[in-house]
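As given, the protein sequences belong to chains L and R, one line each in that order. Residues in the first sequence are numbered consecutively from 1146, following our numbering. Residues in the second sequence are numbered consecutively from 30, following our numbering.
No lab work stands behind these hints: they were computed from the structure. As the structure is a computational prediction, the values presented were derived from the model and not from experiment. Treat each hint with caution, since some may be false.
Not everything, but these chain L residues come out facing chain R in the computed CB check (under 10 Å) [as the list claims (entries may be wrong)]:
{"id": "1", "residue": "1179"}
{"id": "2", "residue": "1206"}
{"id": "3", "residue": "1213"}
{"id": "4", "residue": "1215"}
{"id": "5", "residue": "1222"}
{"id": "6", "residue": "1251"}
Where is the CB? At the ideal position from N, CA and C, for every residue including glycine.
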Amino acid sequence: QQKVQQSPESLSVPEGGMASFNCTSSDRNFQYFWWYRQHSGEGPKALMSIFSDGDKKEGRFTAHLNKASLHVSLHIRDSQPSDSALYFCAASFNYGGSGNKLIFGTGTLLSVKP
Amino acid sequence: NAGVIQTPRHKVTGKGQEATLWCEPISGHSAVFWYRQTIVQGLEFLTYFRNQAPIDDSGMPKERFSAQMPNQSHSTLKIQSTQPQDSAVYLCASSPGGTGNTLYFGEGSRLIVV
Chain L
1146 QQKVQQSPES LSVPEGGMAS FNCTSSDRNF QYFWWYRQHS GEGPKALMSI
1196 FSDGDKKEGR FTAHLNKASL HVSLHIRDSQ PSDSALYFCA ASFNYGGSGN
1246 KLIFGTGTLL SVKP
Chain R
30 NAGVIQTPRH KVTGKGQEAT LWCEPISGHS AVFWYRQTIV QGLEFLTYFR
80 NQAPIDDSGM PKERFSAQMP NQSHSTLKIQ STQPQDSAVY LCASSPGGTG
130 NTLYFGEGSR LIVV
């Protein structure tokens, strides 16, 4: 069964600090990766996608992908209390009819302390 | 543009009863997904449709769960003979379709089976 392992389970950072999340996938067929964020009582919302090896930066958020090691990470600089949420990595395959199905990681609960 | 709409937001049902959850995808999106979220299992894929046709139901418990998409503007997830272990948040998402496209989630339907 395809799996996406995520770490840490929870994370607490001070306001203005750096938050970092890691994911490792179990299947080399995963080609596309996303980071999603879920605030309490809401559905997950996509933060950013990354499909090529290397870094991708969008504002305070930077994602890094290394397909050889099946590793993807997300870094949030200058963390704000509003960033407190559950963060998921997600991966999908590139084949046939199920190419768009997302497999989600286990999630990291981020708390940003004012 | 309205997001994905899910109804009801909350449902309490007695053990053995039937529960039906509704999803209205974003207009123009060709793919609709159903996920289940629990504390223990996290975000689990259930099933998905593309252009109303079922593509992958590999995550669906076979005996009591069924999903349909009778037209492009709504999908339903039906659970027969509900059990306490079916208690979860059921999330619907839609996507423009195609590999590499982001999923947009609704706020979810919280099902409690007593």
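query = Any of the earlier hints contradicted here, and which numbers?
reply = 2, 3, 4 and 5
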